[in-house]
Amino acid sequence: MSDKKIRHGHKSKNGKSFIILPIIFCLITYLVLYLAFVPSFSPVISAVGMFFSDNEKDYSTEYDNIFVPVSENSTVPTVTKKDSNGQEKTYVKNDSVQYPNYGNLFGELIINDCNVDANLFFGDNDVALRNGVGIYAGSFVPGYGGTILVAGHNNTYFNGLKNAEVGQKVEIKTSYGNYIYEITDTAVKKATDRTAYDLSADYENLIMYTCYPFDALGLTTQRYFVYAKLVSGTPIDKEAN
Amino acid sequence: MNSKVRHIIYGIISFVLSFVLFLISFAIVLQSTILNPSYIMDNMNTSNYFVDKRDEIKESLVNLGYASGLDEKFFENVVDEVTIHDNTQAYLNSFYAGEEAKIDTTAFKQKFNSELDSYISKNNLKVANDGSREYLINQAANIYAAALRIPLFTTLSAYLIALKNMMPLIIGGLAVLVAILCVIIIFTNSWKHRAVRYICYSTSAAFLTVGIIPAVLLSTGYMSKINIDSRAFYNLFVQSMNNILIALAICSVIFFIVSIGLFFLHKSMRRHASED
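Read top to bottom, the protein sequences are chains A and B. For the first sequence, counting from 1, position 196 maps to 196 in the working numbering; every step adds exactly one. For the second sequence, counting from 1, position 95 maps to 95 in the working numbering; every step adds exactly one.
Some clues are possibly wrong.
Stated by the list, open to error - Pulled a few chain B residues facing chain A out of the computed Cβ check, cut under 7 Å:
1. LYS122
2. ASN124
3. LEU125
4. LEU136
5. TYR201
6. SER204
7. ASN227
8. SER230
9. LEU265
Hints in this document: simulated from the structure, not taken from any laboratory. Since we're looking at a predicted model, the values are computed, not measured. Here a beta-carbon is modelled for each residue, glycine too, at the ideal position from N, C-alpha and C.
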């Protein structure tokens, strides 16, 4: 190497520094940024992560239909157990029940006397109420032994509730069995009246409600409630959960 | 000066220059995108935002209609893209002007009211009670206004406005800093090809630092995995963010071209220096 070249600092002839130094600078830059923002980095990353998912969002307004009607002659897997009174009772096997997810169509609600025949959804969101009636997700599915709170629009699927009378039969069909209820009462109550239903009841009961008055234009502040008791239907063996 | 010490000092200056170039790239991209009032409107126009938004509002209003006795057909003409466009433009303009950004629902309410009048008389309907009609109109107007509001805009408004006001100063300051650092490197090196080499390190580092973010995010399609309920906002967000990433990628490419130019300039100047 000549003296001139040494003076010019040309010890490295292959130009490695043109690659290595920029990479080092790049790493240091991100290290500096990380260290500068380290106190707020983790919460920011966690917060940003909440807005993102593994897959692209599905914007379809379709719903999943898991309803396969049970015909009269078909047998749903059952198990016989003694109840609290020591009497033998038949239950639907818990593992044969496909519990619905929120928004699933999983049954059908029929009141022949009122001309009501609607798809039954789990959840009472807009898609459900547009295509049928929906069980409030904080209540129970038929056969589970609790309160089934069903909502529907008064101008569409639950318009027929205006003809509801005590003694009429309500049928709910699901993939794990068919349930018959009998109307015991009807009432008009305020939309904000929380005493209109008891979600903690330890017996199976059906409550259907819709806006009141019927066929009126505008958002109303009253609700029309129809109460029914279970007449027949095999309960789910929920103790196997 | 010892050559090792000199090398370290200029290495540090080159790093600082690369860091400032990185910052100025982000500042320029921010200034020309998010902080530019016409940027969001342009993206709204190209991402079909107004048509998507009209459909979404109509969908929500139809659900309200089901609960209040209005037929789906009633909502065919209640909302249109032109009104949505005008209200959104006014909302964005007032936001970027630092004023209280509100969606003006006056035109929507008037249209809804007149459509309701003709619907009631045409179908010979009864109104539930005195307050129901007003309540319904207000609910519809609330749905309309909520649909047009841009998520997080109100929360971030104070920061964005402050940033928007400061950004020209920040960019100016960073540009001056870049000039000062370049002057230091050029005028303190007796051999100018060395100065070119150090600046080349900086621009190459800026190419990597600025380019790595868009390269990762664009190649993985990360932005398209955001969860936003509204399809219109989703398309707007993905397009706006991708455009920002593309702008950063362009900055990165500019740094790359400058680096290549500086590299050959350095080679040429060194050759000349060796020959002298």
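Checked hints:
1. LYS122: violated, 12 Å
2. ASN124: The hint is violated - ASN124/B has no Cβ within 7 Å of chain A, the shortest such distance being about 11 Å.
3. LEU125: holds, 5 Å
4. LEU136: Holds, because the Cβ-Cβ distance from LEU136/B to chain A comes to roughly 5 Å (cut-off 7 Å).
5. TYR201: holds, 5 Å
6. SER204: It holds, given that the least Cβ distance between SER204/B and chain A is near 4 Å, below 7 Å.
7. ASN227: This hint holds: ASN227/B lies near chain A, its Cβ roughly 5 Å from the closest one there, short of 7 Å.
8. SER230: violated, 9 Å
9. LEU265: violated, 13 Å
Going down the numbered hints, you'll see the structure goes against 1, 2, 8 and 9, while the others check out.
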